[in-house]
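Residues 1 to 372 (full-length UniProt numbering) make up the sequence shown, in order.
Just so you know, the hints here were simulated from the structure itself, not pulled from any lab data.
Quick reminder that beta carbons are idealized off the backbone N, C-alpha and C, glycines included.
Accuracy of the hints is not assured; some may be wrong.
[As the list claims (entries may be wrong)] Listed next, with one range per pair, are the computed distances between beta-carbon atoms: (1) V360 x D95: 39 to 45 Å; (2) P35 x G353: 29 to 35 Å; (3) G353 x V296: 40 to 46 Å.
[Claimed, not checked] The calculated lysine to aspartate or glutamate pairs, modelled on EDC-like cross-linking and capped at a C-alpha distance of 20 Å, are: (4) K168 x D200; (5) K168 x E141; (6) K168 x E211; (7) K168 x D197; (8) K168 x D178; (9) K168 x D203; (10) K168 x D183; (11) K168 x E140; (12) K168 x E232; (13) K168 x D239; (14) K168 x D144.
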Amino acid sequence: SVTTRRARRADTLADAGARLVVTDDTGAAAVRGLPVRTLPVRGAGAGDASGPGLRPGEPARPEPDDLAYIIYTSGSTGRPKGVEITHGNLARLLDAADRHFDFGPGDVWTLLHSPAFDFSVWEVWGALATGGRVVVPTVEEVRDPAAIHRLLREEGVTVLNQTPAAFKGLRAHLERHDASFADLSLRTVVFGGDAFDTRDYRDWFAAPAGERPALVNMYGITETTVHVTFREITADDPDGAAPSPIGLPLAGQHGYVLDHTGRLVPPGTVGELYVSGAGVARGYRDRPALTAERFVPDPYGPPGSRMYRTGDLVRLLPDGDLAYLGRADHQVKIRGFRIEPGEIEAALRDCPGVADVAVVARPAPGGGARLV
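Take these sequences, add in the hints, and give me the full structure.
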(Lines of atoms letter the chains of each structure in order from A; the text may use other names.)
(Lines give C-alpha, C1' and ligand atoms only; values in the text may rest on other atoms or scores of the structure.)
Protein backbone atom coordinates (compact mmCIF):
# COMPACT_ATOMS: atom_id res chain seq x y z
CA SER A 1 0.00 0.00 0.00
CA VAL A 2 1.33 3.44 -0.93
CA THR A 3 -0.04 4.87 2.33
CA THR A 4 2.26 2.81 4.57
CA ARG A 5 5.61 4.06 5.82
CA ARG A 6 8.46 3.66 3.32
CA ALA A 7 10.42 1.54 5.80
CA ARG A 8 7.50 -0.84 6.10
CA ARG A 9 7.12 -1.05 2.32
CA ALA A 10 10.81 -1.89 2.03
CA ASP A 11 10.60 -4.53 4.78
CA THR A 12 7.51 -6.10 3.21
CA LEU A 13 9.04 -6.34 -0.27
CA ALA A 14 12.26 -7.78 1.13
CA ASP A 15 10.49 -10.31 3.36
CA ALA A 16 8.25 -11.48 0.50
CA GLY A 17 11.19 -11.75 -1.90
CA ALA A 18 9.30 -9.63 -4.43
CA ARG A 19 11.17 -8.91 -7.67
CA LEU A 20 8.43 -7.18 -9.68
CA VAL A 21 5.74 -4.66 -8.72
CA VAL A 22 2.74 -4.16 -11.03
CA THR A 23 1.65 -0.61 -10.37
CA ASP A 24 0.56 2.80 -11.61
CA ASP A 25 2.63 5.98 -11.47
CA THR A 26 1.76 6.62 -7.82
CA GLY A 27 2.85 3.15 -6.79
CA ALA A 28 6.01 3.36 -8.89
CA ALA A 29 7.02 6.49 -7.00
CA ALA A 30 6.37 4.73 -3.69
CA VAL A 31 8.89 1.95 -4.48
CA ARG A 32 11.45 4.07 -6.34
CA GLY A 33 14.92 3.29 -5.08
CA LEU A 34 13.91 -0.11 -3.70
CA PRO A 35 15.44 -3.28 -5.23
CA VAL A 36 12.42 -4.22 -7.39
CA ARG A 37 11.41 -3.74 -11.00
CA THR A 38 8.09 -2.15 -11.86
CA LEU A 39 5.56 -3.05 -14.54
CA PRO A 40 3.57 0.11 -15.35
CA VAL A 41 -0.20 0.01 -15.67
CA ARG A 42 -1.62 3.19 -17.18
CA GLY A 43 -5.15 2.18 -18.06
CA ALA A 44 -6.76 -0.19 -20.51
CA GLY A 45 -4.83 -0.36 -23.77
CA ALA A 46 -2.32 2.27 -22.70
CA GLY A 47 1.36 2.14 -21.88
CA ASP A 48 3.98 -0.53 -22.35
CA ALA A 49 2.46 -3.83 -21.29
CA SER A 50 5.78 -5.66 -21.29
CA GLY A 51 8.15 -3.34 -19.45
CA PRO A 52 11.94 -3.36 -19.83
CA GLY A 53 13.33 -6.86 -20.13
CA LEU A 54 9.94 -8.52 -19.59
CA ARG A 55 8.49 -11.03 -22.03
CA PRO A 56 5.25 -13.01 -21.90
CA GLY A 57 5.81 -16.47 -20.48
CA GLU A 58 3.89 -19.72 -20.61
CA PRO A 59 0.44 -19.68 -18.99
CA ALA A 60 0.70 -20.52 -15.30
CA ARG A 61 -0.72 -23.87 -14.18
CA PRO A 62 -0.51 -23.68 -10.40
CA GLU A 63 -1.01 -26.66 -8.13
CA PRO A 64 -3.31 -26.38 -5.09
CA ASP A 65 -0.34 -26.17 -2.70
CA ASP A 66 1.42 -23.44 -4.69
CA LEU A 67 1.55 -19.97 -3.17
CA ALA A 68 -1.16 -17.60 -4.44
CA TYR A 69 -0.42 -14.48 -2.38
CA ILE A 70 1.07 -13.13 0.84
CA ILE A 71 -0.74 -10.55 2.97
CA TYR A 72 1.02 -8.88 5.87
CA THR A 73 -0.73 -8.35 9.18
CA SER A 74 0.33 -6.28 12.16
CA GLY A 75 2.76 -7.83 14.62
CA SER A 76 3.02 -7.08 18.34
CA THR A 77 6.84 -6.85 18.13
CA GLY A 78 6.72 -4.24 15.37
CA ARG A 79 7.52 -6.76 12.64
CA PRO A 80 4.55 -7.55 10.34
CA LYS A 81 3.70 -11.19 9.70
CA GLY A 82 3.41 -12.45 6.13
CA VAL A 83 0.49 -14.91 5.80
CA GLU A 84 1.03 -17.40 2.96
CA ILE A 85 -2.19 -18.32 1.15
CA THR A 86 -2.23 -21.09 -1.46
CA HIS A 87 -4.24 -21.51 -4.64
CA GLY A 88 -6.08 -24.35 -2.90
CA ASN A 89 -7.05 -22.03 -0.04
CA LEU A 90 -8.45 -19.46 -2.46
CA ALA A 91 -10.22 -22.08 -4.59
CA ARG A 92 -11.95 -23.32 -1.44
CA LEU A 93 -13.29 -19.83 -0.73
CA LEU A 94 -14.64 -19.38 -4.24
CA ASP A 95 -16.18 -22.85 -4.29
CA ALA A 96 -17.91 -22.15 -0.97
CA ALA A 97 -19.24 -18.85 -2.30
CA ASP A 98 -20.64 -20.67 -5.31
CA ARG A 99 -22.47 -23.10 -3.01
CA HIS A 100 -23.90 -20.55 -0.60
CA PHE A 101 -24.67 -17.53 -2.81
CA ASP A 102 -26.17 -16.84 -6.22
CA PHE A 103 -23.53 -14.47 -7.60
CA GLY A 104 -23.31 -14.61 -11.38
CA PRO A 105 -22.42 -12.92 -14.69
CA GLY A 106 -25.08 -10.25 -14.21
CA ASP A 107 -23.52 -8.94 -10.99
CA VAL A 108 -21.49 -5.76 -10.67
CA TRP A 109 -19.06 -5.57 -7.74
CA THR A 110 -16.84 -2.77 -6.43
CA LEU A 111 -13.20 -2.87 -5.34
CA LEU A 112 -13.25 -0.55 -2.32
CA HIS A 113 -10.41 -2.00 -0.28
CA SER A 114 -6.63 -1.90 -0.47
CA PRO A 115 -4.75 -4.98 -1.72
CA ALA A 116 -3.11 -4.90 1.72
CA PHE A 117 -6.51 -5.96 3.17
CA ASP A 118 -7.70 -9.41 2.11
CA PHE A 119 -11.29 -8.21 1.68
CA SER A 120 -9.95 -7.08 -1.72
CA VAL A 121 -9.22 -10.70 -2.69
CA TRP A 122 -12.90 -11.50 -2.20
CA GLU A 123 -14.01 -8.39 -4.10
CA VAL A 124 -11.89 -9.19 -7.17
CA TRP A 125 -12.12 -12.96 -7.44
CA GLY A 126 -15.62 -13.30 -6.03
CA ALA A 127 -16.74 -11.28 -9.05
CA LEU A 128 -14.43 -12.60 -11.77
CA ALA A 129 -14.82 -16.27 -10.82
CA THR A 130 -18.57 -15.98 -11.41
CA GLY A 131 -18.33 -13.92 -14.60
CA GLY A 132 -19.20 -10.63 -12.91
CA ARG A 133 -17.75 -7.16 -13.42
CA VAL A 134 -15.58 -5.20 -10.97
CA VAL A 135 -15.76 -1.39 -10.76
CA VAL A 136 -12.55 0.16 -9.42
CA PRO A 137 -13.03 3.65 -7.92
CA THR A 138 -10.26 6.08 -7.06
CA VAL A 139 -8.86 6.37 -3.54
CA GLU A 140 -10.66 9.70 -3.17
CA GLU A 141 -14.00 8.15 -4.18
CA VAL A 142 -13.60 5.30 -1.69
CA ARG A 143 -13.36 7.80 1.16
CA ASP A 144 -16.41 9.82 0.10
CA PRO A 145 -19.91 8.39 0.80
CA ALA A 146 -21.38 10.76 -1.81
CA ALA A 147 -19.00 9.40 -4.45
CA ILE A 148 -19.81 5.82 -3.45
CA HIS A 149 -23.54 6.56 -3.73
CA ARG A 150 -23.02 8.04 -7.18
CA LEU A 151 -20.93 5.05 -8.26
CA LEU A 152 -23.55 2.57 -7.01
CA ARG A 153 -26.23 4.39 -8.98
CA GLU A 154 -24.33 5.04 -12.22
CA GLU A 155 -22.61 1.64 -12.46
CA GLY A 156 -25.62 -0.42 -11.38
CA VAL A 157 -23.66 -2.12 -8.61
CA THR A 158 -25.41 -5.23 -7.29
CA VAL A 159 -22.90 -6.57 -4.72
CA LEU A 160 -21.30 -4.21 -2.20
CA ASN A 161 -18.63 -5.27 0.30
CA GLN A 162 -17.95 -2.89 3.19
CA THR A 163 -16.96 -2.72 6.81
CA PRO A 164 -19.89 -1.94 9.13
CA ALA A 165 -18.50 1.54 9.86
CA ALA A 166 -18.21 2.41 6.15
CA PHE A 167 -21.76 1.25 5.43
CA LYS A 168 -23.00 3.28 8.39
CA GLY A 169 -21.52 6.35 6.72
CA LEU A 170 -23.20 5.47 3.42
CA ARG A 171 -26.59 5.02 5.13
CA ALA A 172 -26.23 8.37 6.88
CA HIS A 173 -25.44 10.07 3.55
CA LEU A 174 -28.54 8.60 1.90
CA GLU A 175 -30.74 9.68 4.81
CA ARG A 176 -29.39 13.23 4.73
CA HIS A 177 -30.14 13.51 1.01
CA ASP A 178 -33.55 11.83 1.17
CA ALA A 179 -32.26 8.99 -1.01
CA SER A 180 -33.17 5.33 -0.76
CA PHE A 181 -31.59 1.96 -1.42
CA ALA A 182 -34.75 1.19 -3.38
CA ASP A 183 -33.43 3.53 -6.09
CA LEU A 184 -30.29 1.40 -6.55
CA SER A 185 -29.61 -1.95 -8.21
CA LEU A 186 -27.94 -3.19 -5.03
CA ARG A 187 -29.18 -6.64 -3.98
CA THR A 188 -26.52 -7.86 -1.50
CA VAL A 189 -24.32 -6.11 1.05
CA VAL A 190 -21.53 -8.25 2.49
CA PHE A 191 -20.01 -7.08 5.77
CA GLY A 192 -16.53 -8.00 6.91
CA GLY A 193 -13.41 -6.70 8.55
CA ASP A 194 -14.98 -5.64 11.84
CA ALA A 195 -17.72 -6.55 14.32
CA PHE A 196 -21.26 -6.09 12.99
CA ASP A 197 -23.87 -4.89 15.48
CA THR A 198 -27.41 -5.95 14.56
CA ARG A 199 -28.85 -3.35 16.95
CA ASP A 200 -27.92 -0.67 14.43
CA TYR A 201 -30.48 -2.17 12.01
CA ARG A 202 -33.74 -2.16 13.97
CA ASP A 203 -35.28 0.19 11.40
CA TRP A 204 -33.75 -1.51 8.35
CA PHE A 205 -36.45 -4.13 7.96
CA ALA A 206 -39.31 -1.61 7.96
CA ALA A 207 -38.85 -1.32 4.19
CA PRO A 208 -40.29 -4.11 1.99
CA ALA A 209 -37.79 -6.82 1.05
CA GLY A 210 -37.78 -5.69 -2.58
CA GLU A 211 -36.68 -2.18 -1.60
CA ARG A 212 -33.57 -3.05 0.40
CA PRO A 213 -30.56 -5.29 -0.25
CA ALA A 214 -29.94 -8.44 1.74
CA LEU A 215 -27.39 -8.02 4.55
CA VAL A 216 -24.82 -10.80 4.97
CA ASN A 217 -22.41 -10.73 7.91
CA MET A 218 -19.22 -12.67 7.18
CA TYR A 219 -16.58 -13.35 9.80
CA GLY A 220 -13.06 -14.10 8.72
CA ILE A 221 -9.38 -13.73 9.38
CA THR A 222 -6.41 -13.49 7.01
CA GLU A 223 -4.91 -16.79 8.18
CA THR A 224 -8.05 -18.67 7.14
CA THR A 225 -8.46 -17.04 3.70
CA VAL A 226 -10.75 -14.04 4.01
CA HIS A 227 -14.07 -15.55 5.17
CA VAL A 228 -14.85 -18.37 7.61
CA THR A 229 -18.55 -18.00 8.49
CA PHE A 230 -21.63 -16.28 7.10
CA ARG A 231 -25.09 -15.28 8.25
CA GLU A 232 -27.84 -13.40 6.46
CA ILE A 233 -29.27 -10.87 8.90
CA THR A 234 -33.03 -11.08 9.51
CA ALA A 235 -35.63 -8.85 11.17
CA ASP A 236 -35.37 -10.96 14.34
CA ASP A 237 -31.63 -10.39 14.81
CA PRO A 238 -31.61 -6.84 16.28
CA ASP A 239 -33.45 -8.18 19.34
CA GLY A 240 -31.92 -11.64 19.20
CA ALA A 241 -29.68 -13.62 21.52
CA ALA A 242 -26.47 -11.78 20.53
CA PRO A 243 -25.69 -8.42 18.92
CA SER A 244 -23.03 -9.83 16.59
CA PRO A 245 -24.05 -13.22 15.16
CA ILE A 246 -21.53 -14.57 12.65
CA GLY A 247 -23.42 -17.66 11.60
CA LEU A 248 -22.16 -21.01 10.40
CA PRO A 249 -18.87 -22.01 8.74
CA LEU A 250 -18.67 -21.91 4.96
CA ALA A 251 -18.40 -25.21 3.11
CA GLY A 252 -14.93 -26.67 3.64
CA GLN A 253 -14.36 -24.86 6.95
CA HIS A 254 -14.89 -26.01 10.53
CA GLY A 255 -15.08 -23.98 13.72
CA TYR A 256 -14.39 -25.24 17.24
CA VAL A 257 -15.12 -23.30 20.43
CA LEU A 258 -12.43 -24.38 22.89
CA ASP A 259 -11.34 -23.50 26.42
CA HIS A 260 -7.76 -22.72 27.47
CA THR A 261 -6.96 -26.44 27.64
CA GLY A 262 -8.14 -27.09 24.08
CA ARG A 263 -11.38 -28.83 25.07
CA LEU A 264 -14.77 -28.17 23.47
CA VAL A 265 -17.00 -25.96 25.61
CA PRO A 266 -20.79 -26.44 26.01
CA PRO A 267 -23.19 -24.32 23.92
CA GLY A 268 -23.57 -20.83 25.38
CA THR A 269 -20.15 -20.90 27.05
CA VAL A 270 -17.51 -18.40 25.95
CA GLY A 271 -14.42 -19.88 24.33
CA GLU A 272 -11.77 -19.17 21.72
CA LEU A 273 -12.59 -19.93 18.09
CA TYR A 274 -10.28 -22.38 16.33
CA VAL A 275 -10.70 -22.83 12.56
CA SER A 276 -9.77 -25.90 10.54
CA GLY A 277 -10.40 -26.97 6.98
CA ALA A 278 -9.29 -26.16 3.46
CA GLY A 279 -8.99 -22.42 4.14
CA VAL A 280 -6.21 -22.66 6.74
CA ALA A 281 -3.07 -20.98 5.39
CA ARG A 282 0.39 -22.49 5.06
CA GLY A 283 1.57 -20.33 7.93
CA TYR A 284 3.68 -17.22 8.45
CA ARG A 285 6.49 -16.62 5.97
CA ASP A 286 9.87 -17.53 7.49
CA ARG A 287 8.38 -17.52 11.01
CA PRO A 288 8.41 -21.22 11.97
CA ALA A 289 8.10 -20.66 15.73
CA LEU A 290 5.12 -18.33 15.38
CA THR A 291 3.55 -20.66 12.81
CA ALA A 292 3.84 -23.58 15.23
CA GLU A 293 2.29 -21.46 18.00
CA ARG A 294 -0.78 -20.35 16.01
CA PHE A 295 -1.29 -23.22 13.52
CA VAL A 296 -1.71 -26.23 15.77
CA PRO A 297 -2.68 -29.90 15.24
CA ASP A 298 -6.42 -30.51 14.94
CA PRO A 299 -7.33 -33.31 17.38
CA TYR A 300 -10.89 -33.40 16.05
CA GLY A 301 -10.02 -33.75 12.36
CA PRO A 302 -8.27 -36.28 10.12
CA PRO A 303 -4.68 -37.26 11.02
CA GLY A 304 -2.23 -34.55 10.05
CA SER A 305 -4.83 -31.78 9.86
CA ARG A 306 -4.26 -28.39 11.45
CA MET A 307 -6.37 -25.65 12.97
CA TYR A 308 -5.74 -21.95 13.48
CA ARG A 309 -6.05 -20.22 16.85
CA THR A 310 -7.93 -17.04 15.96
CA GLY A 311 -7.68 -15.24 19.30
CA ASP A 312 -11.38 -14.36 18.92
CA LEU A 313 -13.90 -15.08 21.66
CA VAL A 314 -17.21 -16.60 20.57
CA ARG A 315 -20.07 -18.71 21.88
CA LEU A 316 -22.56 -21.09 20.33
CA LEU A 317 -26.11 -19.75 20.14
CA PRO A 318 -29.17 -21.96 20.74
CA ASP A 319 -29.74 -22.26 16.97
CA GLY A 320 -26.19 -23.57 16.44
CA ASP A 321 -24.81 -20.35 14.98
CA LEU A 322 -21.76 -18.60 16.39
CA ALA A 323 -21.78 -15.18 18.07
CA TYR A 324 -18.70 -12.95 18.07
CA LEU A 325 -17.80 -11.40 21.44
CA GLY A 326 -14.38 -9.78 21.01
CA ARG A 327 -10.66 -10.45 21.24
CA ALA A 328 -8.80 -12.55 23.78
CA ASP A 329 -5.73 -10.28 23.42
CA HIS A 330 -4.98 -6.60 22.80
CA GLN A 331 -5.41 -6.64 19.02
CA VAL A 332 -7.95 -4.18 17.58
CA LYS A 333 -9.46 -3.53 14.17
CA ILE A 334 -9.59 -0.10 12.54
CA ARG A 335 -11.60 0.11 9.29
CA GLY A 336 -11.05 -3.62 8.83
CA PHE A 337 -7.29 -3.59 9.35
CA ARG A 338 -5.85 -5.68 12.17
CA ILE A 339 -3.78 -3.44 14.42
CA GLU A 340 -1.39 -4.54 17.15
CA PRO A 341 -1.07 -1.54 19.51
CA GLY A 342 2.31 -2.93 20.51
CA GLU A 343 3.65 -2.36 16.99
CA ILE A 344 2.67 1.33 17.13
CA GLU A 345 4.03 1.66 20.66
CA ALA A 346 7.37 0.23 19.51
CA ALA A 347 7.58 2.78 16.67
CA LEU A 348 6.68 5.70 18.96
CA ARG A 349 9.29 4.70 21.54
CA ASP A 350 11.93 5.17 18.84
CA CYS A 351 10.98 8.85 18.54
CA PRO A 352 13.32 11.33 20.26
CA GLY A 353 12.12 12.46 23.68
CA VAL A 354 9.61 9.62 24.14
CA ALA A 355 10.17 7.64 27.35
CA ASP A 356 7.09 5.42 27.19
CA VAL A 357 3.76 5.28 25.43
CA ALA A 358 0.41 3.49 25.46
CA VAL A 359 -1.89 3.05 22.46
CA VAL A 360 -5.56 2.18 22.92
CA ALA A 361 -8.68 2.09 20.74
CA ARG A 362 -11.60 4.40 21.47
CA PRO A 363 -14.98 4.81 19.72
CA ALA A 364 -14.84 7.25 16.80
CA PRO A 365 -17.55 9.94 16.38
CA GLY A 366 -18.70 8.57 13.03
CA GLY A 367 -18.72 4.94 14.10
CA GLY A 368 -15.98 2.35 14.30
CA ALA A 369 -12.87 3.05 16.34
CA ARG A 370 -9.79 5.24 16.39
CA LEU A 371 -6.42 4.98 18.11
CA VAL A 372 -5.37 7.40 20.85
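Quick rundown of the hints versus the structure:
| no. | hint | verdict |
| --- | --- | --- |
| 1 | V360 x D95: 39 to 45 Å | holds, 40 Å |
| 2 | P35 x G353: 29 to 35 Å | holds, 33 Å |
| 3 | G353 x V296: 40 to 46 Å | holds, 42 Å |
| 4 | K168 x D200 | holds, 9 Å |
| 5 | K168 x E141 | holds, 16 Å |
| 6 | K168 x E211 | holds, 18 Å |
| 7 | K168 x D197 | holds, 11 Å |
| 8 | K168 x D178 | holds, 15 Å |
| 9 | K168 x D203 | holds, 13 Å |
| 10 | K168 x D183 | holds, 18 Å |
| 11 | K168 x E140 | holds, 18 Å |
| 12 | K168 x E232 | holds, 17 Å |
| 13 | K168 x D239 | holds, 19 Å |
| 14 | K168 x D144 | holds, 12 Å |
Violated hints are absent here; each numbered hint is respected by the structure.
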